[in-house]
Every structure is written in structure tokens, then in C-alpha cells.
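> Chains C and H supply the protein sequences, listed in that same order.
Residues 38 to 504 (my numbering) make up the first sequence, in order.
Residues 37 to 969 (my numbering) make up the second sequence, in order.
The set of hints was computed from the structure by calculation and includes no laboratory data.
Each residue gets a CB set at the ideal place from its N, CA and C atoms; glycine is no exception.
Mixed in with the good hints, there may be bad ones.
[What the hints assert, rightly or not] Restricting the straight-line Cα-Cα distance to at most 20 Å, the calculated cross-link-like pairs of lysine to aspartate or glutamate (EDC-like) are:
1. C/Lys418 with H/Asp337
2. H/Lys116 with H/Glu191
3. C/Lys418 with H/Glu356
4. H/Lys855 with H/Glu929
5. H/Lys492 with H/Asp459
6. H/Lys855 with H/Glu577
7. C/Lys418 with H/Glu336
8. H/Lys884 with H/Asp843
9. H/Lys884 with H/Asp863
10. C/Lys207 with C/Glu294
11. H/Lys512 with H/Asp866
12. H/Lys72 with H/Glu410
13. H/Lys592 with H/Glu745
14. C/Lys418 with H/Glu342
15. C/Lys418 with H/Asp283
16. H/Lys942 with H/Asp923
17. H/Lys855 with H/Asp843
18. C/Lys418 with H/Asp339
19. C/Lys418 with H/Glu359
20. H/Lys855 with H/Glu828
[What the hints assert, rightly or not] One-sided and incomplete, this derived list gives chain H residues near chain C with beta-carbon spacing under 7 Å:
21. Leu345
22. Leu355
23. Leu358
24. Val455
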Amino acid sequence: ASTPQKFYLTPPQVNSILKANEYSFKVPEFDGKNVSSILGFDSNQLPANAPIEDRRSAATCLQTRGMLLGVFDGHAGCACSQAVSERLFYYIAVSLLPHETLLEIENAVESGRALLPILQWHKHPNDYFSKEASKLYFNSLRTYWQELIDLNTGESTDIDVKEALINAFKRLDNDISLEAQVGDPNSFLNYLVLRVAFSGATACVAHVDGVDLHVANTGDSRAMLGVQEEDGSWSAVTLSNDHNAQNERELERLKLEHPKNEAKSVVKQDRLLGLLMPFRAFGDVKFKWSIDLQKRVIESGPDQLNDNEYTKFIPPNYHTPPYLTAEPEVTYHRLRPQDKFLVLATDGLWETMHRQDVVRIVGEYLTGMHHQQPIAVGGYKVTLGQMHGLLTERRAKMSSVFEDQNAATHLIHHAVGNNEFGAVDHERLSKMLSLPEELARMYRGDITIIVVQFNSHVVGAYQNQEQ
Amino acid sequence: STSAAEAHSIALPAQAQVVICGGGIMGTSVAYHLSKMGWQDIVLLEQGRLAAGSTRFCAGILSTARHSSIEQKMADYSNKLYHQLEQETGIQTGYLRTGSISLAQTQDRLISLKRINSRLNVVGIPSEIISPKKVAELHPLLNVHDLVGAMHVPEDAVVSSADVALALASAASQNGVQIYDRTSVLHVLIKKGQVTGVETDKGQIECQYFVNCAGQWAYELGLSNEEPVSIPLHACEHFYLLTRPWDTPLQSNTPTIVDADGRIYIRNWQGGILSGGFEKNPKPIFTEGKNQLEIQNLREDWDHFEPLLSSLLRRMPGLETLEILKLVNCPETFTPDMKCIMGESPVVQGYFVLAGMNSAGLSLGGGAGKFLAEWMVYGYPSENVWELDLQRFGALQSSRTFLRHRVMEVMPLIYDLKVPRWDFQTGRQLRTSPLYDRLDAQGARWMEKHGFERPKYFVPPNKDLLALEQSKTFYKPDWFDIVESEVKCCKEAVCVIDMSSFTKFEITSTGDQALESLQYLFSNDLDVPVGHIVHTGMLNEYGGYENDCSIARLTKRSFFMISPTDQQVHCWAWLNKYLPKDSNLLLEDVTWKYTVQQSLEWRQFSRSCFGMGITSTVSEEKEIYSAWDMASPGGHLLVRSGLTAEETIEYILPANLPHYTSRALHASQSAATFSSALNLIGPRAVDVLSELSYAPMTPDHFPTLFCKEMSVGYANGIRVMSMTHTGEPGFMLYIPIEYALHVYNEVMSVGQKYGIRNAGYYALRSLRIEKFFAFWGQDLNTLTTPLECGGESRVKLEKGIDFIGRDALLQQKQNGVYKRLVMFILDDHDTDLDLWPWWGEPIYRNGKYAGKTTSSAYSYTLERHVCLGYVHNFSEDSGEEQVVTTDFVNRGEYEIDIAGHRFQAKAKLYPVTSFFSHKRRKDDVELSDFHGK
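Please take these sequences and the hints and turn them into a complete structure.
Right under this line is the structure:
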């Protein structure tokens, strides 16, 4: 009698699936010291869609201080999330640049000299950049900084990170929309910009500079801070608000932005116009453009677009666009020594796991056995045999933890494989991962996770400096 | 017993001859030996209390079973010293001759032990390889079921290291050494590169000599001077366990156990057990230089200790019921190459160092203190300690990050299997040739020397080598065939080897100063026609080799000198010490690309010269200029050699710049840095070069040992020398860094039709050893003279100059030599099945120990292994060294002992020329002439 179990994946197979996209970055130390408030980060992705529609990005700002990390959850394809993952950090970095640096960069481009590098990317080999569109993207970005240069009134004002983040998000979304309206003589590019505009993506981005942590969120991904209490226990601090139907303030916002007679139709069955789960997103011009504009662009667009029923379909009760915005909500948090790590993840994770569990699992993983109460013999009578027994037990408990070299992978293990007791169940894990593509989407969404670990010593030193 | 070593609490003396910093076993040992040798005016400063640092926490195991001969000698001396110390001083040191047993869980480990055993026996330290059964008899508690054998050294001992330090301090104090505790050295005062005193928290002391024995703080202390002294070492946490006594205490003479495969040591301690080890995942500490007066007992970390505890209980299952007293955590200091650091700073005269003991401080302390004291008093230690010399390192090994990463590899290595040709994996790619990426892409595997990456061999694209761990072997290595094909190519066609790592200096003067000083510094006659190359030793006053190099005479007044890679610091220091302080003499290091600096004056100057470039190098007050025509492409050299300084000035300077003529200004051919070197080896090297240069390269036009500047491909001004370091025909090309890739590409593409390929240092090594080319640092050292190693032809006693070492050589020539470097060809050795020789194998003559090998390689030409080594003539009765004559060497029957197995060997005093077809080398002719006399 054959049991379905024989189709299950073996543990090494499970591991190779879970490890395929894992990436770790450790901030390099110089002369034995790491002066960054970030120790490093782990990230990973587990696809449910094929191809995966989530994207992730991480980069160090080279012309200003700080590091940028973000997760992007695409829908209706991956074109938009891909574009946002490539472009958003450049928009943010440019928004943060002082006037002189902008001038310097513009002069370099003007005279054909080498550009100052703006970002250092920390990329997994699977995280690609589209070569074809780079010129187009660059030109849009350049127009943006040229405007920033022109807008400068001469007074050197401190750049506000919050404002910079909001501007960058809005500007990129605007550029995506414009590029699609203008089109491109190259038919491949033309189709690409339209696919970007007609698909959508949410974004959750963290900017860390010393003890200043800003989170800009658009949509339903989440940023969660892991805080270790004095007694060693873990608690979760949410640094972003979900922009969906569960958020009263978002419902309120939508109702205010549209006439009273749309109050019932603007959110139906917990979805925007009865269709879209996130209430804020990049792209998705079907929820932003006027009907006329949509029709015009689709008609003049390539045939592939015309054949696509989804793009042609106009949402019901579509009276007063735009219904959707990419404007992020920005929260600020000043890091304290007890803030040990930050988890950025797409809704695929938060659907399956409670935030408290996420923080506890990562916290226990990162601190490993060091935060188990250290053993001290003190004045007790302990034999070598007893001690050995105790240590092997502790080790066994921990060894399951250390199988994963990556905190994000560890979290995915739990997210996919947790049984009702909160322990990873191998059978369940391999069942979930063996699901055929079309079924996988029913059980879970794409999961993308970045776990950023903070350097408590550096954070503490900042604090002492201030006192 | 602290009262015995009386520590002064009164004011410090205003001056002393020597100030020693550090009251641990190293500092007290140096003080003890200096005072024994008759030095009077010595002050020892300790920041905390005497013997309170690592010395206090030392496990107290004295082991003579060491992998290196020099460490073996130091440990043997320490053992003898500590043995009689109690009697000498009346202070109890806890010395107990327990013996030690080193266990082998694997055959490879047993081979390693057998090699040590062979070496211990020949120096008179009793030891034997024993069976597991015998182990069980010697130590009742051991589980021996997983052992394949062991080595028993019955005279090894345990001792209380803190008490040893106190006893040494007490004896030193009685000999007049003044000891002050709770006194911190802040920094050392230096004037003109010479120690003048120390600044302490209790005032200044003027002194001539300073000895840094500051243990794990030695690095910090070295950097605290205005002129920093780089002492590369770093601490790691080290853990050992103490138990309460057994109900029936172990016999006090129970042997110490070293279970290297289990990464632990175990000794009897006050009726219980002391056991620690060297784990795979060490915890480096104090990277940022956090200082504390005495090392506090750092936090115990049981989870970290767990693997070692498991290993201990596996070895001694009976310990389960024994009660824990505590887990001690004491930092130990490690160095980048697992060898301790001693000797004089290359930058500050009178600044001596003894530190970085890699957990063997107690075993090495006595001997190390003695050698350092000898070094200070007599100018040389009585043994060759080059491998421990501070000058083997440069400032480049001093980065905290490098040290932190490297010691994490070094600490586990203490108990790892030590196999031939081991390369460190951490701290790599620090210095690389401009061709590194090109060579790497072609399959180069790398080794590192002095921070410089050098290719070992090139793995062909279709060939797979073993993974690092599996490749460890005492037998035939997996790269055997690869190196064979490289060697064959060197013999039959042509190979290119990147030799950029070699140390390169240029010495230039306005008048005859360069020639005069070099004639004084080197034993061979350097007054040769311009363009000639001379092989010569740089000797010390005892006639020993301080360096062995090749010197090319570039012009009448400038010389180009090539030495081994690791000579960079040592040779520079030596030259600086002995070259006259003369502003008309310039020494520059052209190994590194930044050695030629372009000063501000350069720019002003070149502008005023209207398109003429003057490069200048500034070294202290000395300046040197060379004139280049900047207007012509490539900056054509305007001034040819042979012009006097005055002529040069007239030639290049417009008349309106008279004030420059007052400067020491002269032309030098070397405005560019020759920081890249390619060695073209093989009979077809001539064809490749002549095709690339359109210049005749036949022996008539370009004789052997000749140097010319010529163009290669598009690149002009390449320094070509008709010599190789292997004895094969070929050329060295010294190439300015910016041309390196171009020249390499040209050579490779033109060389295609001659069958050119890349080769690495393993091929080079095989070639040079089969040709009996001795290398400094391996076969030659400060205690070996040219007469002892067939270098007579490189000594010109009658050149009319009383060069350094000449008296010693004259005397030696008269009296005869006491040792002789001999080449051995192994006869009954099966390359596929037998253990390979390495170095340090005992040589037996007519069944009696006669010396040790210094290097070895497989000769693909002879199809035999070749070892080089020194043959001594020990008297039958007294064991004293007697004269070694050619006859003595020739009349012996020889055997080489590899891990206890003796192989018959043929001894040769001169290269086996009949085997080699190429006889055009001047050297060979010289040697065969000599042989014929």
C-alpha cells in the first residue's frame, strides 16, 4: 500500500529549498572594531507564486550615512515589485543628498565623468537588476535630482529623513505612472513600463543611521522591533501600520477622500473597491488613473496588453480616482540598547505567525545559548558527570536552532513547519514544501524576511555620548 | 614566598643599562640570564604583582615534545634549569618529573609523534613510541581502546610556573637586578632610532636597552612609542578545569597526558585533575586593547568548554564522579605563525622583545630568556633563532583585524595535525602581485610568505584536487603530477613564474660610497663591470649568513639587490645599521610600490625644467633625483649611466636654477619601481625574449649572470637578468608595476609556440634543491658560513677589503669547518608508498647521528627524493664537534630517518651536474673548477 508520504521531501531536500535564497551580510569590522549600529542582516524568501512576486533590497548609502533595507510584496505579477526594489533606494538616497553633492553628481553626468557611487548593494545572486530599463530608470532619476537642485532655495536646511522618504516614495510612483503614459519607442521597454504600472507592489523600508531608525511603509508588510526586557524575555514593538481593512484609520481615510455616496463601495469585503487587499501601493494604475486615461493607454499599447482581460477591466464603482496612493506612513524610533533586532517581512509571514512568536523565535535564535542563564559552579557540589549531562542537554536544545545559519531561514522553518505546539514538525514542513505551485498559493503567500541585528555596544555608546 | 623576590617600593633609579618590562616568566627569565652573564645594571618593572599575569594561570606542564628544533632546545634547557632552580634559590617550585604521554588516535598522528620522537632521541632527550597497552600501564585511568599508539617522554615535568618566575626573580635580585612592582611602563623614549629611556607612571628611567616582556600587552606597549614597534600578537581566552582530589588521590608522579586528537591535556593536580585544551572555535579577546593590571579571572563559559569536557570524559570515563572545583579562564597570547617572538626591533636599536608564547611560555621560558640574554650581551644567541626573530614580521602583520582573525586559526592549530606544506587560510590576499587575478583565473593555488601571495602550482582545468582537510598527508601529495609537468616544462620548454614577492633594494651614491660600503658588507667582489650580477652572502662578523642575495651592478654607482621575500625587514635593518650615515648614499626598498615618493619639489622642479621630469625619492635627509624627458612618450630617460653627478646636473639643469646644484643630485636609472618580477625558466626562454625584444639574446650578446635594461613588447626599460633561482637557463624580468600585465600577456602569447606555461614555487623548489641551491632561511642562517655550504666561490677573501666576517672565514679556512651542507639522494625510498621527507629529519652517518636535514624535495630529473642537510663530526667519546673534511663526508654511509624509518642516502658535496644537460652556467663552471682542484 503506497502512502502519499513517499512523495515527501527528505530533510536535505527541504533544507536546499529553504536555503536557495538565503543571504547574510555582516558589516565588516575595521581594525577589530565595528562602528556601525548594525551588526549585519539575514534575509530569505520562500516562493508560493511562480515566479515569486516578492522582492527584497538592502544597500548602504555611500554619500550619506545609513543603511536601507526593504521588502516589497508584488501583486498581479512581479513587474512592479521588481522595479520598486531596483529603484526606490536610489530615490531615497537622492532625496537625502545635500545640495552640493547633487550638484557634483549632476556635473559629473553632464561632463561624462565617473559618477560618485550612491549605493552599495548587498544582493543575493538571485536578486537581479533589469539591464534593459536601466537607461530609462536613470533618466527619470536624473530628472528628479535636477528638480531637487532647481528647488533648492539656497538656504541650507537639514534634510528631514521622514520627508525624504515620503518624497521618494511618491516621486517613484509618479515616475512609474508617467513612464507608462509616455511609453517608449522600444517595444520591449514599452511593454515593460506598462506591466510595471498595471501591476502593484507594497513596500516596507527601514533606514538606519546610528540610533535613528525610520520605517516607511506602504501597504501590508510589517516592521517589527525585537526588544529584550531586563529579565531576558522578548517583546515585539510594531513600527508600522498595516494599510488594509483591519486598520480603522485607513478605512476612515478612504471614506474622507471620496464622496459620501461611495462610502459603501470604496471598501467592499475588506478590499479596496472589492478588489485590492492593500489600501496603499505602488503601481496599480487601474486604481489611480481616470477611466479615459486607462482606455487610451491600453488602446495605444501593445497587443499583449490589449489581450489581457485583467488590465482592460475597470474596477466597479470607479467614480473619483485616484483610490490608491503610494504615500508611505513614516514612523521614527530612537534605538536603545535593549532593541536587539528588526524584522521586516511581507504579509506571508504575518498571516502565519503572531508577531510575539516571531520576535521570540528570532530573539532566542540570535542570542543562542548565551542568553540562557550561564552556568556557574559557584560553591555547589557538582561532579564532572553531572555537568556533562547538563551541558549536553543544553546543547541538544540549541542544536536545532543552529542548524540554520540564517535567522530568516530559521523563521521560515517555523512559519511553514510549526505544529500546534509551536515546534517545527518535519513532516508538516516537507508537506508544505511539496505542494504543487497552484496549491501552494492557497495555503500561504510568498514570504520574504529581513532580520537586521543591531549592535548594542554601539547603540549604548551613542546613548552615553548624549548624557 | 613572595618575600623572596623582594620588590622595591622606593623611588625608581634615574638610570639603568637595561629596563625589562614584565614580571612574568619571560621578564624574570631574561633578568635572571642577563645578570648571570654579568650585566649589572638591570631594572625589572611589573605593572601589577610579580608572576600575576598569564604566568599565574599557567597549567604548569613542561613539555619537550615540540615540532620545531629550536623550541625543542629551549624546552630542554628550561627543563634542566627549572629542575635545579629549587636547589639554587631555595624557593619551592613544585617541580615534579612526571613524564608525559602524547596519544595518537590516528595513524597520521602517530607518524607526527614518530617524527618528534626521532628528533628527541638524537639530542639526548629520552623518549619512546609505546603501544596502547603500555599507555594503560603507565596511567591507570585512561581509556586506551581508541588509540593506535603514543609517545612517552619520561623526563617531562610539571611545575608551578608562578613559583618558577618568583625563583628566577629572586635569583636575579640576588645578582643585583632591581625589581619594582606596581609600576607601569607608559612608553619607551627613543632618539634617532635608539632607545634612550622609559617613561613610567612613577617617573623616567634612562636606559640603553629596553626589553618588552609584556605578554599579551606587548602589542599595545610596542605601539605606544613615538616610533611604534610592531609586535604581532593577540590574546584568546583559554579554559582549563580543576577538580577536587580523588578519594584515593592519584600518585603525584602520574604522567601528563596530551590527547591532541581529542584537543585536550590532562595533568595530575593536587590529588585531582587539571585539564584544558585548544578548541576549534577560540574566543579572541582584548582586540581593542582593553588593559587591566592583572588578569582577572575572566568569566567561566561552560557551554564553550563542553566539547573539551566530553573529550575528557571519553578519555577518562572514571572522572564522572569527580567533583568540580572550578573552570579557569585565562587569556593566552598567540602569534600569526604559532612561533614565539624574540629579538631586536628593526626600527629601534636597543628595543628587544620576548613575547607571544602560544601557550608554551613555561616550556620555552628558560631557553627563550637565555637566548635573548645572549643576543643582548654577545650580539647573537648561541642557536639559530631566525624562525622566532621579530624581524620575520613587518608592520604589515600588525592590523588588529588581521591578528584577531589569524589567531582564531592559530590556536586550534596547536593540536591540529602538522603536515608538510601547510598554508594559513586566514589573513590572506594582503599583498598580491599585479598579476594575481590573471594567475588565479588560470588555476593558481596560493601560498603566503611575508603577507605576499605566491603561486604554488597551477591546477589544469580538467583536474580536481582534494579538499583542504583530505589533502593533509605525510605521503605523496595530490599535486605530484601537476608539479611534475611544470618541472618538465621548465626543463624542456619554458615556464613563467611570478616572483614579485622577492625583496628588492637599490643602493645608489654620488661617488664611490655605494661600492665601498657594499664591498664591506658583502663577501663576494662587487667591483665588477657594469651589467654583471654577483651572487653573494651578506655575512656577520662570525662569517654567518645574514642574507644571501644576488646583486646587479646597474651603473658605476648603483646596485640592485635581490633577496628572499622574508628578508624585507631583516635585511633593511641590517643595511641601515651598517651603511655609513652619508647623505650621498641612498638605500631604497623597491619591493613596495609606494617607495618612490614624489615630493612637492618634484613638481616645481619639473615645471621649471620645461617638460623635464625629475623624480625624487626622499629618505630622511637623503634625496635622489632622476631626470626624465616628460615631453617624450613614456618619459624617456635623459641621463645615461656613466655620467658624474656634476655632468648630470649640467646636462639636465637650466642655468637659472643654480641653487639646486648645491643639492646631492644625481641620476639614477631607477625612477620607476620594479615591483613586479617574472622568472622565465627553460631552454626556450631565450627564444621568447629575443622575439619580444628584437635583440640578440645569445650567450655572446647576453652572457649568464648579466643584467640589461631593454624593451619587452611595447614596454621599455624592463630590467632583464640572465639568471634564475633554480639553476636552469632563463631570465628574470623586473618590470615596473604598470607594465606587468602587458609584459606577462606578451610573454604568454609569444610563448605559445614554444610551449610556455605557468609554473609555481613547488616546481621552483624541486628544481633548486636538485641543483643543490641552498636558500637562506631554510638551509642557510646566521650560524652557517659560506665555507660550510659550498659557497667558497662566492667569497673573495683577497678582494682587498676587510669585509664583515672575513677574519672569521680566514680562520675557518685555516682550521676547517665543523659542519658541512650536503645533498642527499634517497636510494631505497619509494615515492608512492613511503613517508616523504620534509625537513628536520635526523641524518645518520655510519649508524651514528650526524645532523639534520634543512630542506627536501622530490627531484623529477633524478626520480629520487633529495634532501639538503648539515653533516657534523661528533667525537665518539666526548660528543664534541670536530672538523668535517671532504674526505669525512665522502667516506660515510648515510641514512635519513623519516619518522623512525631509516632510508639509505647518497651524499653529494656538489650538484650532480652529469644529470643535467645545461652546463653554461658560470656558477657550475666555478664549482666544477673548484671541485677539480
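> All the hints need checking, so say for each whether the structure fits it.
Hint check results:
1. C/Lys418 with H/Asp337: holds (18 Å)
2. H/Lys116 with H/Glu191: The hint holds at about 10 Å.
3. C/Lys418 with H/Glu356: With a Cα-Cα distance of about 13 Å, the restraint between C/Lys418 and H/Glu356 holds, given a limit of 20 Å.
4. H/Lys855 with H/Glu929: Cα-Cα ~16 Å, so holds.
5. H/Lys492 with H/Asp459: holds (11 Å)
6. H/Lys855 with H/Glu577: holds (18 Å)
7. C/Lys418 with H/Glu336: holds (16 Å)
8. H/Lys884 with H/Asp843: Violated, at roughly 33 Å.
9. H/Lys884 with H/Asp863: Between H/Lys884 and H/Asp863 the Cα gap is close to 18 Å, so the pair holds against 20 Å.
10. C/Lys207 with C/Glu294: holds (17 Å)
11. H/Lys512 with H/Asp866: holds (10 Å)
12. H/Lys72 with H/Glu410: Since the Cα atoms of H/Lys72 and H/Glu410 sit roughly 10 Å apart, the hinted pair holds (cutoff 20 Å).
13. H/Lys592 with H/Glu745: Answer holds: H/Lys592 to H/Glu745 is near 15 Å, not above 20 Å.
14. C/Lys418 with H/Glu342: holds (18 Å)
15. C/Lys418 with H/Asp283: holds (15 Å)
16. H/Lys942 with H/Asp923: holds (14 Å)
17. H/Lys855 with H/Asp843: With Cα atoms ~18 Å apart, H/Lys855 and H/Asp843 stay inside 20 Å; holds.
18. C/Lys418 with H/Asp339: holds (18 Å)
19. C/Lys418 with H/Glu359: Since the Cα atoms of C/Lys418 and H/Glu359 sit roughly 6 Å apart, the hinted pair holds (cutoff 20 Å).
20. H/Lys855 with H/Glu828: holds (14 Å)
21. Leu345: holds (6 Å)
22. Leu355: holds (5 Å)
23. Leu358: The hint holds - H/Leu358 has a Cβ within 7 Å of chain C, the shortest such distance being about 5 Å.
24. Val455: violated (29 Å)
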